[in-house]
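Each chain is listed here by its residues.
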Amino acid sequence: MKNPQELKYSKDHEWVKVEGKNAVIGITDYAQSQLGDAVYVELPEVGAELTAGDNMGTIESVKAVSDINSPVTGTVLEVNEALNDAPETVNQEPYGKGWFAKVEITDLASLDDLMDEKAYEAFVAKEAEE
Amino acid sequence: MEGKKTPLYEEHEKLGGKIVEFGGWLLPVQYTSILAEHKAVRTAAGLFDVSHMGEVWVKGPDAMAFVQNLVTNDVADMIEGQVKYTPMCYPDGGTVDDILVYKFTAEKFYLVVNAANTDKDFAWMNQQLGKFSVTLENSSPSIGQLALQGPKALTILSKLTTAPIAELGYYHFLPEVQVAGIKAIVSRTGYTGEDGFEIYCPIADTPVLWEKVMKAGQEEGLLPCGLGARDTLRFECCMPLYGHELSDKISPLMAGIGFFVKLTKDSFVGKEALAKQKAQGLAQKVVGLELTGRGIARNGFSVKAHGQVVGKVTTGSVAPTLNKHMALALVDAAQAVVGTELAIDIRGKDVSAVVVKKPFYKRGQ
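Protein chains in written order, with the numbering used here: chain A, 1 to 130; chain B, 1 to 365.
Since the hints were made in silico from the structure, they are not lab data. Certain hints may be false.
[Unchecked claim] 16 Å max Cα-Cα, derived EDC-like pairs, lysine to aspartate or glutamate:
#, chain 1, residue 1, chain 2, residue 2
1, B, Lys39, A, Glu88
2, A, Lys17, A, Glu117
3, A, Lys2, A, Asp116
4, A, Lys102, A, Glu81
5, B, Lys18, A, Glu130
6, A, Lys17, A, Glu88
7, B, Lys39, B, Asp195
8, B, Lys18, A, Glu129
9, B, Lys39, B, Asp248
10, B, Lys324, A, Asp85
11, B, Lys362, B, Asp195
12, B, Lys324, A, Glu88
13, B, Lys304, B, Asp350
14, B, Lys312, B, Asp332
15, B, Lys120, B, Asp248
One chain only, chain B, in its complex shape (with noise of 0.2 Å):
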């Protein structure tokens, strides 16, 4: 198998974890089970390497506004120590990648982006410099990257830092603090609808922390975890993957994270295109659905209604937390009312569903 290693590659190994190829890195699908390290981040804590995302710094004295045309969402109300999701966006309005914004200062952002996309958004974030007085750094060779999910991450971090954790709101972050003795940016934030920590640190750094983390929610029931189970918590909660429920031919607004795309602000990349959009109405949309009919619909599948092709699956899996299977589909805007009956064709067999709300899954419901 081909594919860059991150600094814990060798812990996956003795860990057990079974190495798949993901985005270009090798990286364990899962340790021991999909379904319990599910389970262990909805009701206790699960420990996920996520060092092969990328990071991006923005520094000068144009960074607010560079960010600002870079990306859909507002970034000007932001606060020092806040974390931002947003889109980043074509001028067409597909989606570029979809990232999280650190504002550090007016002049010092923070851009994390998916690791399978970290050259090609560098690449664009340059094209678009334009006249802005910024540089940018592609720091993710040197970054580590750990996020510590579920209900009790708080308690099992707060065994290693001083630092007010406790106190820190939802996607905000801290940007220098000790863990374990280790130097670190830590934000409230994460990818599996509980709640939870993002670790940032230098990558010499990261099997030591780690290891100390582990240690740390032994009794809490902390349990590593792979991309198996971060696929299927970040599923029930209907957060989009890039290349599934986004891509450059999925906006934003079709993927139906319209709340992140403020075409209020001035101007921004692909607000014409995504303004148009929005008026003229979409022609298809990301809706959830629940399999009434036997089987599970998987990346690619075709959905039908009276037999007549739609859309097609995006992601399809069991929803664990709720024992049933569900699917993400991208399919055409009339279809794509909650209550519609339709079927996805599972290898060559009309299986009925229907369109659910989304998300599948909330915390506390």
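Only chain A is shown next, with the shape it has when bound in the complex (with noise of 0.2 Å):
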């Protein structure tokens, strides 16, 4: 799968979709095949203040915990409910109806740190080799 070109994407394997002042967040389509079938989401509480690199939630496949990041610093708006029933969405359209949560960004620096797609394609590609 492509990453898409208009996301931007972290260190731990998330993307944000900037929309004026929210960001939309979900996991990349590598880390989803890494991490495997995901059986059980965690999602954070809506109205939660979040600093990037804060734990946000959690995505557990049969064999791994992966833990979600907030990428960005900001407040909790939504959170994509349709995860509880259906976890395995996350592994069927990561950057589609796989989203994590949206978050109002209250420190538009912290999407400093953030890769283009280029970037994060070179960062998983060297991943992958170590």
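Join these two chains into a complex; the hints should help.
Take a look at the structure:
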């Protein structure tokens, strides 16, 4: 799967779609493929205030637990409740219906640490080599 | 990654297997998806590379008596061509390993042991030689093994052999048959809770056998399966995994597999300790848990009753066939009663769980 160009990416393999002052957050295709079949998600609380890097939830596969760290600083506006009943959506549509949460960005500078699609692809290629 | 490679390592890489280290071996945890591979075994068939398993020959006039002393199950009543599952214990009742015993003749037995335990087991067996007139041979490095499991296993294997495998009873084997032109031992055994076969062949022939079985199973929906599915399949059936539900600290009685401990036998290693455990009552037992709260229990998580730690999770996962979150846990005997409400500490949060009957899944139910 191609990583969409319009998104930004974190070193923890989350993607961020900036919509005005809001950010939709999910995990990348590479992250879901490394994790394997998602069987359980723990979403953040709406209203939670997060600093970039803070834990905002978990996705668990049959064999592994993966922490989702907020790639931006902001307040949780909305979470994807549909994942509670259908966690496999994370595997099937990581960049679509498998989104994780929507956050109102309170510190725009927190976006500066994120990578564009090209930089992220290089980052993944390097990590896969190791 | 460091580890030993089975003869099928290149096949696994070719198939896109995600390689992990397990018990000193490099094996695929999955090819495409643990859940898809699990389902294939429950509804069609799956093929596993289990070449890492250890095999030990016991030969000599005292072979039967030696094995009888070594393991907890009764092998005296076995017929030629029969397989028995059995724990093998230390004098204190702790478990050395759980193994399969194949009886070829009264003077020739084949013991199949867990990969990670092979060296330890072989050393232990040698220490038990005593007065018995037998020779032990660790043939693990020269034997490959495939497990073909699932309701379609018989249909698939029948395409590759004229041997009477359809008539082969559960936990019986054919000592020398041709499968796809390869000399093999075929037993109707497995670790998945489904019908199926385990096929032992010379290591050099293993890649060809793998390829032929995969091809034969194409129309039946046969999938190559990794360690992940092997674990979830055995977990649903509550079959113990050494190092989790059985260990040098966890006796077979504690693990709930007392059926395979025959205290009526004359004598065997661990008999006195196990008889004492049984007479005095067990301090802890392995129970099945269903999570009634949200979360997934993992190996090592604490189990609590009224805020007090009463045990530890030994295996936890989703049970894919049931679509429920389940766990096996070693808990204080007082809590090991079906219906008891407990909690599992999942990363600092107490999640409710209830003791349920084992196994979680049984074929045909």
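Okay, the hints, checked on the actual structure:
{"no.": "1", "hint": "B:Lys39 to A:Glu88", "in the structure": "15 Å, holds"}
{"no.": "2", "hint": "A:Lys17 to A:Glu117", "in the structure": "12 Å, holds"}
{"no.": "3", "hint": "A:Lys2 to A:Asp116", "in the structure": "13 Å, holds"}
{"no.": "4", "hint": "A:Lys102 to A:Glu81", "in the structure": "12 Å, holds"}
{"no.": "5", "hint": "B:Lys18 to A:Glu130", "in the structure": "14 Å, holds"}
{"no.": "6", "hint": "A:Lys17 to A:Glu88", "in the structure": "21 Å, violated"}
{"no.": "7", "hint": "B:Lys39 to B:Asp195", "in the structure": "14 Å, holds"}
{"no.": "8", "hint": "B:Lys18 to A:Glu129", "in the structure": "14 Å, holds"}
{"no.": "9", "hint": "B:Lys39 to B:Asp248", "in the structure": "33 Å, violated"}
{"no.": "10", "hint": "B:Lys324 to A:Asp85", "in the structure": "12 Å, holds"}
{"no.": "11", "hint": "B:Lys362 to B:Asp195", "in the structure": "11 Å, holds"}
{"no.": "12", "hint": "B:Lys324 to A:Glu88", "in the structure": "15 Å, holds"}
{"no.": "13", "hint": "B:Lys304 to B:Asp350", "in the structure": "8 Å, holds"}
{"no.": "14", "hint": "B:Lys312 to B:Asp332", "in the structure": "10 Å, holds"}
{"no.": "15", "hint": "B:Lys120 to B:Asp248", "in the structure": "12 Å, holds"}
Violated hints, in rising order: 6, 9; the structure is consistent with all others.
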